[in-house]
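J.: Taking the hints as your guide, dock the two standalone chains into a single complex.
Here's the letter readout for the chains.
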Amino acid sequence: MELVFLAELAVNGAMTGLLYSLFAIGLVLIYKASSVPNLAQGALTMLGAYVVLAFADGLGMPLWVAIPLAAIVMFGLGFGIERVALRRLAGRPVIMILMMTLGLDIFLRGTTMAIWGATSASMELGVSYEPLFLGDLFISRIHLVGSIVTLVLFGAFMLFFRTRAGIKLKAIADDYTASWSVGISVERGVGLSWALASVVAVAAGVIWGEIQGVDQSLSLLLLKGLAVAVLGGLDSILGAVVAGIILGIIENVGANFLDPLVGGGSRDLIVAAVLILTVMIRPHGLFGRHDIERV
Amino acid sequence: MQEKPEVEPILSMNSVEVLYDNVMLAIKGVSVQVPRGEMIALLGSNGAGKSTTLKAISGLLKTERGRISRGEIRFEGADITEMLAQKRVERGICHVIEGRRVFEHLTPDENLTAAAPGGMSRAALHAEKEKIYAYFPRLAERRNSASGYLSGGEQQMLAIGRALVTQPRLLMLDEPSLGLAPFLVAEIFGIIQKINREEGVSILLVEQNALAALEIVSEGYLIENGRVVMHGTAEALKANSDIQEFYLGGGEGTDFHNVKHYSRRKRWLS
Ligand SMILES: Nc1ncnc2c1ncn2[C@@H]1O[C@H](COP(=O)(O)OP(=O)(O)OP(=O)(O)O)[C@@H](O)[C@H]1O
Ligand SMILES: [Mg+2]
Numbered sequence: 001m002e003l004v005f006l007a008e009l010a011v012n013g014a015m016t017g018l019l020y021s022l023f024a025i026g027l028v029l030i031y032k033a034s035s036v037p038n039l040a041q042g043a044l045t046m047l048g049a050y051v052v053l054a055f056a057d058g059l060g061m062p063l064w065v066a067i068p069l070a071a072i073v074m075f076g077l078g079f080g081i082e083r084v085a086l087r088r089l090a091g092r093p094v095i096m097i098l099m100m101t102l103g104l105d106i107f108l109r110g111t112t113m114a115i116w117g118a119t120s121a122s123m124e125l126g127v128s129y130e131p132l133f134l135g136d137l138f139i140s141r142i143h144l145v146g147s148i149v150t151l152v153l154f155g156a157f158m159l160f161f162r163t164r165a166g167i168k169l170k171a172i173a174d175d176y177t178a179s180w181s182v183g184i185s186v187e188r189g190v191g192l193s194w195a196l197a198s199v200v201a202v203a204a205g206v207i208w209g210e211i212q213g214v215d216q217s218l219s220l221l222l223l224k225g226l227a228v229a230v231l232g233g234l235d236s237i238l239g240a241v242v243a244g245i246i247l248g249i250i251e252n253v254g255a256n257f258l259d260p261l262v263g264g265g266s267r268d269l270i271v272a273a274v275l276i277l278t279v280m281i282r283p284h285g286l287f288g289r290h291d292i293e294r295v
Numbered sequence: 001m002q003e004k005p006e007v008e009p010i011l012s013m014n015s016v017e018v019l020y021d022n023v024m025l026a027i028k029g030v031s032v033q034v035p036r037g038e039m040i041a042l043l044g045s046n047g048a049g050k051s052t053t054l055k056a057i058s059g060l061l062k063t064e065r066g067r068i069s070r071g072e073i074r075f076e077g078a079d080i081t082e083m084l085a086q087k088r089v090e091r092g093i094c095h096v097i098e099g100r101r102v103f104e105h106l107t108p109d110e111n112l113t114a115a116a117p118g119g120m121s122r123a124a125l126h127a128e129k130e131k132i133y134a135y136f137p138r139l140a141e142r143r144n145s146a147s148g149y150l151s152g153g154e155q156q157m158l159a160i161g162r163a164l165v166t167q168p169r170l171l172m173l174d175e176p177s178l179g180l181a182p183f184l185v186a187e188i189f190g191i192i193q194k195i196n197r198e199e200g201v202s203i204l205l206v207e208q209n210a211l212a213a214l215e216i217v218s219e220g221y222l223i224e225n226g227r228v229v230m231h232g233t234a235e236a237l238k239a240n241s242d243i244q245e246f247y248l249g250g251g252e253g254t255d256f257h258n259v260k261h262y263s264r265r266k267r268w269l270s
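From first to last, the protein sequence lines are chains A and B.
Residues in the first sequence are numbered from 1 upward in steps of one, following the numbering used here.
Residues in the second sequence are numbered from 1 upward in steps of one, following the numbering used here.
This is chain B alone, in the form it adopts within the complex (with noise of 0.2 Å):
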């Protein structure tokens, strides 16, 4: 018998192209595989394009006026370059987009029941509501108050909740950590490996947060100015002495506030 040489990734994006308002080139060929079951990291500094990139594979481009001029992505084998959002969604795919975007005028009851796919039955759903109070029981307590109200890490937490409603296979989070002091981006990053682990999501994490990002998942790519200019596995970007340097006086306690502030200023190999 021959041997299968890898298994399909969920998820593969090949030399796309983003155009924003039609002149703008906010990505430029970049190419990501995300094998099924694991969590890759995608890092990089302020406009590098990370989150375009993440609105390329989730449809979300289109509310920007910007779109995929070139290239193609792959679902599950599928190609979906130039599905609407709502389809992808019902594949599978979910984008906790930038900035913790809760519905802030519903409660976080209200905001999980709005994500709801339409065939999910009421039953279903209440058991989907209450696994995630499980992951979350900070939610939980405060499941019917007005979600605009939550602190900063409980927003987080609901917009996580809010995307595991609608099953995702493949669940994509821009900049979980921003923001958020240490002990809090730990926790979330803890519920986010668990998730990995006891759900089989595939998980695509943007970060600027590196050092906390490397440490859960297996597999980086370094974007800058558009492009991929890194990838590797996590021990190899770890060793690596541009991305030591990039973290330059961090290690284990780095307060990740000044991370984000001084990869603003270092810019990638450009």
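Okay, chain A solo, but in the shape it has when bound (with noise of 0.2 Å):
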């Protein structure tokens, strides 16, 4: 019986977290390319599911219509960003360019609250709330859906980085000059990098508007976004996905035990000792490569 609990803190923790990996491999697509944790990608996030909700609610579109149209502006928008507010920054410190992922968070922060308002608007995707039981195990519906779509979207990644356009990207991830030496189009390549990462946090924005409603608080899924980007070392989507699992399930197997003894709240201490504890004893992260050493 406690066990059977227990397995099911479990599960459903690994859902929850594979759906922070889900916002992750946005954020790792981008470190890949610019060297820079996405501060904006919690905003581009919400601005994908108001987009979708734009096309939904506000042109009568399906769903099934809407979501790929948004993914489709998204990927533009991605392209849009590089040309306007980072090309002129390449070769500069990396510092400058977080400064712009930062302003860029503020810019779309506020640009949503403008159009769309502070009340949330709902994401009706259609997945029941029936339970669903997996032997004695129950599980979120929506929650399994988002796992899947994340799995999906990691095999697709898999995919492509071993496709001459992924590769091309690894190369920019390695060497900016070396891959303008051979006419690799470093611009093209970062530009490719946020449109990915745009169309991913469409996904993020559709399975998390549905969990929680699409209102600027999807923004905040930045925090355990990065925690899990940081675990599993930036750079790696693999280790998005190990890391947003692992994250998951310890937050919420813990926050079980915790949250009775220190009466709620405990698991963003958790989320925070994970991300603590990570920067200190494995800055690399799970799978981040490190900086290769010859001697």
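Simulated from the structure, these hints should not be mistaken for lab results.
Do not rely on the hints blindly, as some may be mistaken.
Distance condition first, Cα-Cα at most 20 Å in a straight line; then the derived SDA-like pairs of lysine to any residue [stated by the list, open to error]: (1) Lys-131/B / Ile-191/B; (2) Lys-62/B / Glu-2/A; (3) Lys-62/B / Arg-88/A; (4) Lys-87/B / Arg-87/A; (5) Lys-170/A / Gln-86/B; (6) Lys-87/B / Thr-177/A; (7) Lys-62/B / Ile-97/A.
Anything over 12 Å on all C-beta distances counts as not near chain A; from chain B, calculated [stated by the list, open to error]: (8) Val-7; (9) Glu-17; (10) Thr-81; (11) Ala-85; (12) Thr-107; (13) Pro-137; (14) Ala-181; (15) Ala-186; (16) Ser-218.
For glycine and all other residues, C-beta sits at the position ideal for the given N, C-alpha and C.
T.: Structural data, given as structure tokens:
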């Protein structure tokens, strides 16, 4: 009985964690190309959800049309961000790029607030909230759907990084100048990584929008997403997935035991502890690449 | 019939000045010609302006906030002075930059793939890779391990192979011998020669290791303090007393590491 309960906490925690991973994959894509954690990823995710709603509720399209359309719009926006905000920063200290993502975050949150206001809208995916039993385990259907989306995207990116375009993107992540020297368009590669991260933001925005409603608080996903990305190693998509699962389990199981003791709120403490310990003990995370040292 | 005076050089750089950060004048009116199909050396000591000259030609100055403030560069007759680096690679100029900058986290095979031009078919890329592995059999053995763990010589070979994938007609190499044991320098120079002969690729070779370079090139330019101070055939340069003095104590068995150190102390004609 007790064991079943623990298993249920772990499985649901792992699925919630995969939803963090969904968010963190976007961070990893941009980190690879721009060497900074994109502080605007939360705002992009919220924007992605709003754009879906604009097509669905605003223009009355069915979601299966609205979501791909939003993905296309956001894909274009990703390229636009590179062109307008980032191109002139190439070769500057990365702290400038980091500050640019912060500016972008504030800008996007302000813009979405101005357009859509503060009231929460709902994303009606039509996933039933009827409990789903896997054996004795109670499973949340929307979390299951989200986990599957994450794993599908994960697989797609693993394949992408074996294509020629994906390999060129990895080359850009390694060395801008060497990339330019063999004719790789670094600008286009960085644009592509932002575009892909913006599409991931749509996926995360839809799933998280369904779970917690579409409003400004969606942008706060950034904090947990960052914790997951850091634990995974910032530049590893596999790392983001594994770290999401781990963090989700620790958080869900841990909070179950700690919350009664501290009277709630222990989830954030657990996430903070994981983040801080990662940075102190294993700064490259689980799968982050080390700079190769040859002597 | 009138005889043609001379074939147009594949590259001609005329009185080029380069400014870094809008203030630092790194080269001051450098003119260099590379005749089609030839191998030319650019010699000089540290800070002379050799790498800057290559970057002006490849368009990589921009990434270091440098720019050509004067003069022009023509490649196969066309003015490329203001062209984007990427376009120059498409036209057939490839620059193997200083310091063996391979993509460390990629395998040698992926390094080669990364350099493939946009329109290259899978089959053509495959054939190109096999050709490069034939030039550098050591790379073939390690084609699927992380490039960051290759030896210095292997990394240099990979950097050259990667450049070849772009199908250059002018290949520029920045100090390929740096830090390599003499037998490796000989091996790499042998392959560069082979690329020049078999593929007809024109080569502009930057070297501090003048002795080794002058053995394989037809002409050399000597740069000092941002200016060309000497230009002549390899024979003429080898016979020049200043050059001989520069490599005093050298000769066939020179330890190239020491040459590099020595050249750091000696300044040319300044
Ligand atoms: N990015 C840069 N910004 C400012 N000054 C630079 C830059 N790169 C080179 N310089 C300066 O320009 C001059 C020429 O440098 P360059 O790298 O071309 O010399 P080099 O002949 O290649 O030397 P080495 O043999 O040491 O590689 C030097 O005085 C150098 O300090
Ligand atoms: Mg140099």
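J.: Each hint should be assessed against the structure and marked as holding or not.
T.: For each hint, the structure was consulted:
{"no.": "1", "hint": "Lys-131/B / Ile-191/B", "in the structure": "12 Å, holds"}
{"no.": "2", "hint": "Lys-62/B / Glu-2/A", "in the structure": "65 Å, violated"}
{"no.": "3", "hint": "Lys-62/B / Arg-88/A", "in the structure": "11 Å, holds"}
{"no.": "4", "hint": "Lys-87/B / Arg-87/A", "in the structure": "17 Å, holds"}
{"no.": "5", "hint": "Lys-170/A / Gln-86/B", "in the structure": "18 Å, holds"}
{"no.": "6", "hint": "Lys-87/B / Thr-177/A", "in the structure": "15 Å, holds"}
{"no.": "7", "hint": "Lys-62/B / Ile-97/A", "in the structure": "18 Å, holds"}
{"no.": "8", "hint": "Val-7", "in the structure": "27 Å, holds"}
{"no.": "9", "hint": "Glu-17", "in the structure": "21 Å, holds"}
{"no.": "10", "hint": "Thr-81", "in the structure": "17 Å, holds"}
{"no.": "11", "hint": "Ala-85", "in the structure": "5 Å, violated"}
{"no.": "12", "hint": "Thr-107", "in the structure": "10 Å, violated"}
{"no.": "13", "hint": "Pro-137", "in the structure": "21 Å, holds"}
{"no.": "14", "hint": "Ala-181", "in the structure": "16 Å, holds"}
{"no.": "15", "hint": "Ala-186", "in the structure": "23 Å, holds"}
{"no.": "16", "hint": "Ser-218", "in the structure": "25 Å, holds"}
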